[in-house]
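Trainee: Residues per chain are reported as follows:
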Amino acid sequence: MINKVVVNADEAIKDIQDGMTLMLGGFGLCGIPENCISALVKKGVKELTCIANNAGVDDFGIGLMLQKRQVKKMISSYVGENAEFERQLLSGELEVELIPQGTLATRCMAAGYGMPAIFTPAGVGTEVAEGKEVRNFHGKDYLMELAFDADFALVKAWKGDTAGNLVYRSTARNFNPVMAMAGKVTIAEVEELVELGELDPDHVHTPGIYVHRIFQGKDYEKRIEQRTVRTK
Amino acid sequence: MINKVVVNADEAIKDIQDGMTLMLGGFGLCGIPENCISALVKKGVKELTCIANNAGVDDFGIGLMLQKRQVKKMISSYVGENAEFERQLLSGELEVELIPQGTLATRCMAAGYGMPAIFTPAGVGTEVAEGKEVRNFHGKDYLMELAFDADFALVKAWKGDTAGNLVYRSTARNFNPVMAMAGKVTIAEVEELVELGELDPDHVHTPGIYVHRIFQGKDYEKRIEQRTVRTK
Amino acid sequence: MLDKNGIAKRIAKEIKNNSYVNLGIGIPTLVANYIPQDINVVLQSENGLLGMGPFPFEGEEDADLINAGKQTITTLPGSAIFDSALSFGMIRSQKVDLTILGAMEVSENGDIANWKIPGKMVKGMGGAMDLVASAKNIIVAMQHVNKAGESKLLPECTLPLTGVRCVKKIVTELAVLEVLPQGGFRLIERAPGVTVDYIKSVTAGKLIIDSDVPEMQID
Amino acid sequence: MLDKNGIAKRIAKEIKNNSYVNLGIGIPTLVANYIPQDINVVLQSENGLLGMGPFPFEGEEDADLINAGKQTITTLPGSAIFDSALSFGMIRSQKVDLTILGAMEVSENGDIANWKIPGKMVKGMGGAMDLVASAKNIIVAMQHVNKAGESKLLPECTLPLTGVRCVKKIVTELAVLEVLPQGGFRLIERAPGVTVDYIKSVTAGKLIIDSDVPEMQID
Chain A
18 MINKVVVNAD
28 EAIKDIQDGM
38 TLMLGGFGLC
48 GIPENCISAL
58 VKKGVKELTC
68 IANNAGVDDF
78 GIGLMLQKRQ
88 VKKMISSYVG
98 ENAEFERQLL
108 SGELEVELIP
118 QGTLATRCMA
128 AGYGMPAIFT
138 PAGVGTEVAE
148 GKEVRNFHGK
158 DYLMELAFDA
168 DFALVKAWKG
178 DTAGNLVYRS
188 TARNFNPVMA
198 MAGKVTIAEV
208 EELVELGELD
218 PDHVHTPGIY
228 VHRIFQGKDY
238 EKRIEQRTVR
248 TK
Chain B
18 MINKVVVNAD
28 EAIKDIQDGM
38 TLMLGGFGLC
48 GIPENCISAL
58 VKKGVKELTC
68 IANNAGVDDF
78 GIGLMLQKRQ
88 VKKMISSYVG
98 ENAEFERQLL
108 SGELEVELIP
118 QGTLATRCMA
128 AGYGMPAIFT
138 PAGVGTEVAE
148 GKEVRNFHGK
158 DYLMELAFDA
168 DFALVKAWKG
178 DTAGNLVYRS
188 TARNFNPVMA
198 MAGKVTIAEV
208 EELVELGELD
218 PDHVHTPGIY
228 VHRIFQGKDY
238 EKRIEQRTVR
248 TK
Chain C
947 MLDKNGIAKR
957 IAKEIKNNSY
967 VNLGIGIPTL
977 VANYIPQDIN
987 VVLQSENGLL
997 GMGPFPFEGE
1007 EDADLINAGK
1017 QTITTLPGSA
1027 IFDSALSFGM
1037 IRSQKVDLTI
1047 LGAMEVSENG
1057 DIANWKIPGK
1067 MVKGMGGAMD
1077 LVASAKNIIV
1087 AMQHVNKAGE
1097 SKLLPECTLP
1107 LTGVRCVKKI
1117 VTELAVLEVL
1127 PQGGFRLIER
1137 APGVTVDYIK
1147 SVTAGKLIID
1157 SDVPEMQID
Chain D
947 MLDKNGIAKR
957 IAKEIKNNSY
967 VNLGIGIPTL
977 VANYIPQDIN
987 VVLQSENGLL
997 GMGPFPFEGE
1007 EDADLINAGK
1017 QTITTLPGSA
1027 IFDSALSFGM
1037 IRSQKVDLTI
1047 LGAMEVSENG
1057 DIANWKIPGK
1067 MVKGMGGAMD
1077 LVASAKNIIV
1087 AMQHVNKAGE
1097 SKLLPECTLP
1107 LTGVRCVKKI
1117 VTELAVLEVL
1127 PQGGFRLIER
1137 APGVTVDYIK
1147 SVTAGKLIID
1157 SDVPEMQID
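Chains A, B, C and D, in that order, are what the protein sequence lines are. If you want my numbering, it's the position in the first sequence, counting the first as 1, plus 17. If you want my numbering, it's the position in the second sequence, counting the first as 1, plus 17. If you want my numbering, it's the position in the third sequence, counting the first as 1, plus 946. If you want my numbering, it's the position in the fourth sequence, counting the first as 1, plus 946.
The shape of chain A in the complex, shown without the other chains (with noise of 0.2 Å):
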């Protein structure tokens, strides 16, 4: 097996640049690379277009980078709420790209299968639709859009191993396995890293071979977004 580990989040991120693009995985706050954030808050890295599906909160996720000005461009679905967000959109220091949940979600995939172009019916006959080629198939319009290209992918898993093997936790899983598979160089920050052998070969949602840099994370607060709760 390849030895993909690194000691941690700085290393890994070292030699990303200004003006890179960047995948970060993650829903909302959950099963967001928090240490990978961290360090590039921390190396202060500027200028980057980030693909995500959401922007993070004012204080925390994405939202760090947006406080420390880093981020020249979103990609997302929904970007939520975040005042620092909103209050750089309007004022036009921050550009943003609406798409569609599952077409963000197909751009990175197609990438991690080798295929340069997708088609889906999401936004035809809509203002995303614009300038992009409608196709008919059996009746039904769709909208061919393309692979999404990325400098770097940050993911992050609950497991795994120093052969970057990766397996994910309940809905933390989202959007990781497919920026996971797109980065042209990806890093994957896990909760444990284990040896080689402690992943049944079964159970590994992201190959090793889509990895590029692994570490163990720490200090992980998982914040939750929406705490909504019953009475026993």
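FYI, nobody ran anything at the bench for these hints, they're computed from the structure. Misleading hints may appear alongside valid ones.
Only pairs whose alpha carbons sit at most 35 Å apart, straight line, appear in this in silico DSBU-like list of lysine-lysine [said to hold, decoys possible]: (1) Lys-955/C <-> Lys-1152/C; (2) Lys-235/B <-> Lys-1062/D; (3) Lys-1082/C <-> Lys-89/B; (4) Lys-950/C <-> Lys-239/A; (5) Lys-89/A <-> Lys-1066/C; (6) Lys-149/A <-> Lys-1082/C; (7) Lys-90/A <-> Lys-201/A; (8) Lys-239/B <-> Lys-1062/D; (9) Lys-1093/C <-> Lys-1146/C; (10) Lys-239/A <-> Lys-176/B; (11) Lys-90/A <-> Lys-1093/C; (12) Lys-157/B <-> Lys-201/A; (13) Lys-89/A <-> Lys-60/A; (14) Lys-1114/C <-> Lys-1082/C; (15) Lys-157/A <-> Lys-176/A; (16) Lys-157/A <-> Lys-89/B; (17) Lys-1082/D <-> Lys-90/A; (18) Lys-59/A <-> Lys-249/A; (19) Lys-149/A <-> Lys-1114/C; (20) Lys-962/D <-> Lys-950/D; (21) Lys-157/B <-> Lys-157/A; (22) Lys-31/A <-> Lys-1082/D; (23) Lys-959/C <-> Lys-1082/C; (24) Lys-59/B <-> Lys-176/B; (25) Lys-157/B <-> Lys-63/A.
Chain D side only, calculated, beta carbon under 8 Å to chain B, not exhaustive [claimed, not checked]: (26) Asn-993; (27) Pro-1000; (28) Pro-1002; (29) Ile-1012; (30) Ser-1030; (31) Ala-1079; (32) Pro-1106; (33) Thr-1108.
What the simulated footprint calls covered on chain A by chain C, stretch by stretch (three residues with Cβ under 8 Å from a Cβ of chain C suffice, anywhere in the stretch; the number is not a length) [to be verified]: (34) 30 to 41; (35) 103 to 112; (36) 189 to 199.
In this text the structure is predicted, and so the values were computed from the model without any measurement. Backbone N, C-alpha and C define an ideal beta-carbon position, used for all residues, glycine too.
Add chains B, C and D to chain A, keeping to what the hints say.
Mentor: Okay, now just chains B, C and D, sitting in the frame of chain A:
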């Protein structure tokens, strides 16, 4: 949950009619739906179009259906060693469409993902490209290939629960998950049918939403095509 | 006239036994509370869960287990987890039988607008465009008129569209309406105490009224 | 002149440390036996396995665990299993660094024919067309001439193609040749005891010969 359980293979395949198109999971003889094949042979349904990576051997797998002249057309990537297959092909009794293995898998997957067509470089510049649209992305040519359509998909899993969630074992996974997603009706046979809650949601390979019928298979032979060993 | 829970209750009656359903945020989420006990319904959450259970008990929240509204939830025996691409794969391939979502406007040919108001901060379409472009059956849960008192059932949408010719049925605080394939809102039911004339007065799109429009039965 | 194992041994020297490799059926399979112990190589089998191990010990065969040649094999610590679509997904997206496969013919511009002889029973291309269309680096392992004594290194292939302009290097029983981007077989090495003139005589395609062609070092 929705209960997908039927009593046995005969019940599961009872509405498969002459002239239909079937997908059959498996690679070689590994992970094939043995019980469904036996039931199809017993039922004697004819003029079938079979989408399957291989065509079995003379006395096992799809070979059993060939012996009974139930197959009109095979859509496969490699038809291997099968004398009856060869005889029927050369005599014109059997039609064969050969498709690159990755294209075959991806055309199944496309159906399950609701994508009417995909792009692949496989076959560009070869006779496989004849009559197909060639499209250049980023300087490289790709063929546009259409999603497969099948009346029934017959797959074999290791374990499955009553809601149709499936878990495969080792390389018996192969084409099964992508075909399970692609059938208008998907029938899954399993070595072990378990109760709801016995499968870890994180380990489910095929979510039950794709499976219409599931049954506890029996008498699995699991024949090995190339027994290759080393000595201790 | 119905309240939000009344709308949710009425929509719950549209859900068939043995079906997979995706519930949008807002009123649609409330529908889950009114699904009859005797039918099997599996809720799909587009962030990657099939078989969504109720909210967790206090203290049992799991940060890794949320729904598409980012609320903490639970799984059920028989649940399955998957990634976002497969989630929308099952939506696009029409394995999800019914989608229930909110709207700002619906047109008489079934177009829906529910994601963007020009000049206002736009948060994004999330999964709505994928859902409306793919689902076999789409029911809209919304108020009949907007805050300015204007009808949300229009000849044509005025807001940027989410999807075209996709809405099959609409349930408002006043009425249940079917969108006809040839265009037009067919009035199927009135809310208790609401007259046909009143529904007419707040429906800007073409309204088709049969001789007898029954009152809703929601309990 | 090399035997099959000699060809495999020479090709093994082309494999880089920390690489993912797909081995075709025939001579390429033998390459696995000669990969140096001190380098990390992960074998991908296109039926859905990353990290292919050796054949099982007698009595430990598992019918569910085979390679693309349908042989019983084993996994290794760190192996991963996946479906056929993802397997070709990683091939198409060029995550597999090197593909080694056999051929019936190779042309001087890198076209390869290895799946079909008109008039003979055709078994199919299996995964070969996907592999050659996708791989970053393709090495062909084959005999220099066919059974009729005709060169298999041609100006143009005569058999139906498997892929175009894709072969980077060829190792035969006689020589190692590089396919140049502008076309032509550049003779890199001679097998022990084989002369340049002899190689010339059995190479029908354009052969580029440098002033000094070293003999292979395979042990």
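Trainee: Pro-1002/D was flagged as interface toward chain B. Is the shortest Cβ-Cβ separation under 8 Å?
Mentor: Where the cut-off is 8 Å and the nearest Cβ of chain B is about 6 Å from Pro-1002/D, the hint holds.
Trainee: Between Lys-962/D and Lys-950/D, does the CA-CA distance stay at or below 35 Å?
Mentor: holds, 21 Å
Trainee: Holds or violated: Lys-157/B with Lys-201/A, Cα cutoff 35 Å?
Mentor: holds, 18 Å
Trainee: Measure nothing beyond the straight line between the CA atoms of Lys-239/B and Lys-1062/D; if it is 35 Å or shorter, mark the hint as holding.
Mentor: Roughly 30 Å separates the two Cα atoms, so the pair holds.
Trainee: Please verify whether Lys-149/A and Lys-1082/C have alpha carbons no more than 35 Å apart.
Mentor: holds, 25 Å
Trainee: Could you grab the alpha-carbon distance between Lys-89/A and Lys-60/A and see if it respects the 35 Å cut-off?
Mentor: holds, 16 Å
Trainee: Hint check: Lys-1082/D vs Lys-90/A, CA-CA at most 35 Å. Holds or violated?
Mentor: Cα-Cα ~32 Å, so holds.
Trainee: Hey, Lys-955/C versus Lys-1152/C, does the alpha-carbon distance stay inside 35 Å?
Mentor: holds, 26 Å
Trainee: Next pair to validate is Lys-959/C with Lys-1082/C; report whether the Cα-Cα distance is within 35 Å.
Mentor: holds, 17 Å
Trainee: Measure nothing beyond the straight line between the CA atoms of Lys-239/A and Lys-176/B; if it is 35 Å or shorter, mark the hint as holding.
Mentor: Answer holds: Lys-239/A to Lys-176/B is near 33 Å, not above 35 Å.
Trainee: Taken at face value, is the distance from the CA of Lys-89/B to the CA of Lys-157/A at most 35 Å?
Mentor: OK: Lys-157/A and Lys-89/B at ~30 Å, within 35 Å.
Trainee: Holds or violated: the stretch 30 to 41 of chain A covered by chain C, criterion of 3 or more residues with Cβ-Cβ distance under 8 Å?
Mentor: violated (count 0)
Hints 2, 15, 18 and 34 from the list above are not met by this structure, while the remaining hints are.
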